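Using the sequences and the accompanying hints, generate a full structural model.
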Amino acid sequence: MAGESPVSELQKKMDNTKVNTTAKVNGNIHRVRITMQLTFIIPVVVLALLVLVAIFAPLIAPHPPAKTSLPHRLLPPFFIDGGSPTYLLGTDRVGRDILSRVFYGARISLSISLIVIFITSSIGTILGIVAGYLGGRTDTVLMRVTDVSLAIPQIFIALLLAVVLGPSFKTVVLAISILGWAPYSRLIRGEVLKLREADFIAQARIIGSSSLRIMIKHIFPNVVNPLIVIATMSVGLVILMESVLSYLGAGIPPTTPSWGSMVSDGKNLIDRAWWISFFPGLAIGLVVLSGNFLGDWIRDKLDPRLRQL
Amino acid sequence: MSKIILQVEDLRTSFFTRKGEVKAVDGVSFHVHEGETFGIVGESGCGKTVTGLSIIRLLPEPAGRIVGGKIILEGTNLLELSKKEMRAIRGRMISMILQDPMTSLNPVYTIGDQIAESVRLHQGLPENGVEQEVISALRLVKIPSPEMILRQHPFELSGGMRQRVVGAIAMSCHPHLLIADEPTTALDATIQAQYLALFKEVQQKTNVAIIFITHDFGVVANMCHRVGVMYAGKIVETATTRKLFKAPKHPYTTALINSVPRLDRKDNRLYSIEGQPPSMMNLPPGCRFFPRCSVALEVCGEQEPPEMEIGNGHSISCWRVK
Chain A
1 MAGESPVSEL QKKMDNTKVN TTAKVNGNIH RVRITMQLTF IIPVVVLALL
51 VLVAIFAPLI APHPPAKTSL PHRLLPPFFI DGGSPTYLLG TDRVGRDILS
101 RVFYGARISL SISLIVIFIT SSIGTILGIV AGYLGGRTDT VLMRVTDVSL
151 AIPQIFIALL LAVVLGPSFK TVVLAISILG WAPYSRLIRG EVLKLREADF
201 IAQARIIGSS SLRIMIKHIF PNVVNPLIVI ATMSVGLVIL MESVLSYLGA
251 GIPPTTPSWG SMVSDGKNLI DRAWWISFFP GLAIGLVVLS GNFLGDWIRD
301 KLDPRLRQL
Chain B
1 MSKIILQVED LRTSFFTRKG EVKAVDGVSF HVHEGETFGI VGESGCGKTV
51 TGLSIIRLLP EPAGRIVGGK IILEGTNLLE LSKKEMRAIR GRMISMILQD
101 PMTSLNPVYT IGDQIAESVR LHQGLPENGV EQEVISALRL VKIPSPEMIL
151 RQHPFELSGG MRQRVVGAIA MSCHPHLLIA DEPTTALDAT IQAQYLALFK
201 EVQQKTNVAI IFITHDFGVV ANMCHRVGVM YAGKIVETAT TRKLFKAPKH
251 PYTTALINSV PRLDRKDNRL YSIEGQPPSM MNLPPGCRFF PRCSVALEVC
301 GEQEPPEMEI GNGHSISCWR VK
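In order, the protein sequences belong to chains A and B.
Just so it is clear: in the first sequence, position 209 is 209 by my numbering, and no numbers are missing.
Just so it is clear: in the second sequence, position 142 is 142 by my numbering, and no numbers are missing.
Hints listed in this document are in silico derivations from the structure and should not be mistaken for laboratory results.
Hints may contain errors.
Result set (EDC-like, lysine to aspartate or glutamate): computed pairs, CA atoms no more than 20 Å apart in a straight line [claimed, not checked]:
id : chain 1 : residue 1 : chain 2 : residue 2
1  : A       : LYS217    : A       : GLU197
2  : B       : LYS142    : B       : GLU61
3  : B       : LYS3      : B       : GLU34
4  : B       : LYS246    : B       : GLU274
5  : A       : LYS194    : B       : ASP264
6  : A       : LYS217    : B       : ASP264
7  : A       : LYS194    : A       : ASP139
8  : B       : LYS70     : B       : ASP10
9  : B       : LYS83     : B       : GLU61
10 : A       : LYS194    : B       : ASP100
11 : B       : LYS142    : B       : GLU156
12 : A       : LYS217    : B       : GLU34
Some chain A residues judged to face chain B by a derived CB distance under 8 Å, without partners named [as the list claims (entries may be wrong)]:
id : residue
13 : ALA198
14 : ILE207
15 : ASN222
In this text, all values refer to a predicted model and were calculated from it rather than measured experimentally.
Glycine is no exception: its CB is placed at the ideal position from the N, C-alpha and C atoms.
What follows is the structure, encoded as structure tokens:
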């Protein structure tokens with residue numbers, strides 16, 4: 001008995017510690033789950049609302065976006081003295097309704113980012129997989145082209161294109177896409193280099209699959225995860241880029257409202273009528289942040305080490 | 001004797017590196033009959049795996065190249081085939097099982113999809129026929145309730161089960177030759193025994209010829225009908241398994257068999273072969289085993305011994321035998 005008691009005591013202590021640690025771990029897991037959900041729900045709600053706004057802009061906008069009204073020029077938002085409830089977020093220099101223009105601007109910004117991301121991720125993925133899987137000279141050539149693309153400033157190419165082609169929706173898409181694929185191809189190639197050595201790729205060759213088949217059927221599904229992550233992350237970047245181009249006058253022609261050109265519009269009046277630039281700027285910020293949070297969330301979700309939780 | 005499925009003649013495979021040519025396989029010849037298991041044994045780096053990869057022509061290009069010899073599969077020299085023709089041979093005529101079952105399956109597809117891919121590539125069957133083939137392939141490797149397993153993903157299966165699935169993929173198009181490259185190395189002992197028994201059963205059912213690559217003499221004794229012992233890129237002795245264990249002729253074979261730990265002897269010390277295998281970049285002028293051989297003659301250090309037939313399909317490259 002005397003010999004046993006210290007042992008059983010120790011056993012008890014150990015059991016207690018075990019219980020404590022599990023309890024602590026459980027608490028942490030709980031907290032992690034809630035924060036992960038919030039960083040998912042908020043950006044999804046914000047982006048979903050903006051998409052709805054973009055789709056239904058003609059129905060919900062209180063005024064036509066291009067309708068000028070000189071008597072009502074430079075009205076402040078309704079919550080400031082002198083503001084009017086007909087123009088909730090105020091008006092610009094020529095009396096156009098800011099709220100309506102922000103709604104319509106969502107159409108441009110979101111459609112540009114969707115189209116650009118589709119184009120750049122497709123090109124980048126194809127080139128990345130081909131370079132990574134085939135290796136050798138193909139890889140060297142494609143990666144040098146990628147390096148060059150990453151080295152050229154996008155603004156420079158965009159301004160050049162705007163001069164040559166004239167500012168339009170197409171020019172903006174082309175200008176952002178023409179170099180935007182490079183980060184994708186570089187990342188995807190890295191993933192493919194890892195995959196190429198995997199036994200299941202060798203197995204696919206053993207059963208007689210061609211290189212093309214292996215790239216499409218076996219490599220591509222295994223790079224979808226990182227692809228989704230950077231695609232989500234770049235929503236914000238593309239919108240920023242469009243805004244910058246429009247701000248510089250190389251983007252969407254001024255009659256069509258875009259968030260970038262609206263910010264640019266108000267820049268000279270920022271001390272007297274800050275709302276002209278502020279609200280479209282706020283919209284840009286919301287989308288960029290939401291995109292980044294969503295991308296982070298997806299990345300954590302797809303990370304197998306975190307998936308266990 | 002049943003017909004010869006594969007005849008390898010003077011196969012030479014080299015890797016071209018910055019430091020120079022590495023002759024990984026340097027003049028290997030052997031043949032495999034229908035329904036027979038031919039073992040290739042040897043130390044790590046002796047060229048066993050490269051021999052296997054050369055036969056199915058999946059060497060890591062462009063560094064690895066077959067520089068000479070013939071690989072004749074049922075009358076066709078595989079080295080004369082185009083890439084496209086070779087793809088049609090792979091999976092359908094020759095198949096291969098790799099070492100590690102944990103990484104040989106694509107994590108994103110179900111078991112059924114992965115077996116079906118091979119079936120679709122080679123057999124041109126209607127969709128319900130494909131499913132039948134998949135199930136019969138899973139049955140062949142004795143996977144319980146195949147209808148359920150084929151909807152599962154690789155991560156849901158154990159290592160032993162996955163290796164069976166790999167076997168099912170390899171056998172799904174009824175190949176005539178199966179190359180198994182240390183298929184049991186990654187499995188634990190009990191699963192290994194089951195898997196080897198499965199191999200024998202599959203062979204009896206399908207009459208497939210198997211090239212069994214291993215470094216484990218226990219596995220050789222259990223599995224193979226005939227064995228080739230490989231050393232530094234060459235097969236130094238070929239014999240039936242029974243003869244090889246009973247009366248090994250080559251000093252290297254003798255030494256290898258002696259270095260297997262045994263329970264029925266009372267030696268306290270484990271026998272080991274002195275020295276290291278030669279560098280494949282600059283091989284010694286005479287016999288490759290000469291520097292480590294305990295019974296070497298003078299001629300051994302000067303001239304390479306030719307392969308000599310000493311009766312009953314037993315051949316050996318050693319000056320001592322002459």
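For each hint, the structure was consulted:
no. : hint                : verdict
1   : A:LYS217 / A:GLU197 : holds (16 Å)
2   : B:LYS142 / B:GLU61  : violated (36 Å)
3   : B:LYS3 / B:GLU34    : holds (6 Å)
4   : B:LYS246 / B:GLU274 : violated (23 Å)
5   : A:LYS194 / B:ASP264 : violated (47 Å)
6   : A:LYS217 / B:ASP264 : violated (53 Å)
7   : A:LYS194 / A:ASP139 : holds (14 Å)
8   : B:LYS70 / B:ASP10   : holds (7 Å)
9   : B:LYS83 / B:GLU61   : holds (13 Å)
10  : A:LYS194 / B:ASP100 : holds (16 Å)
11  : B:LYS142 / B:GLU156 : holds (17 Å)
12  : A:LYS217 / B:GLU34  : violated (34 Å)
13  : ALA198              : holds (6 Å)
14  : ILE207              : holds (4 Å)
15  : ASN222              : holds (6 Å)
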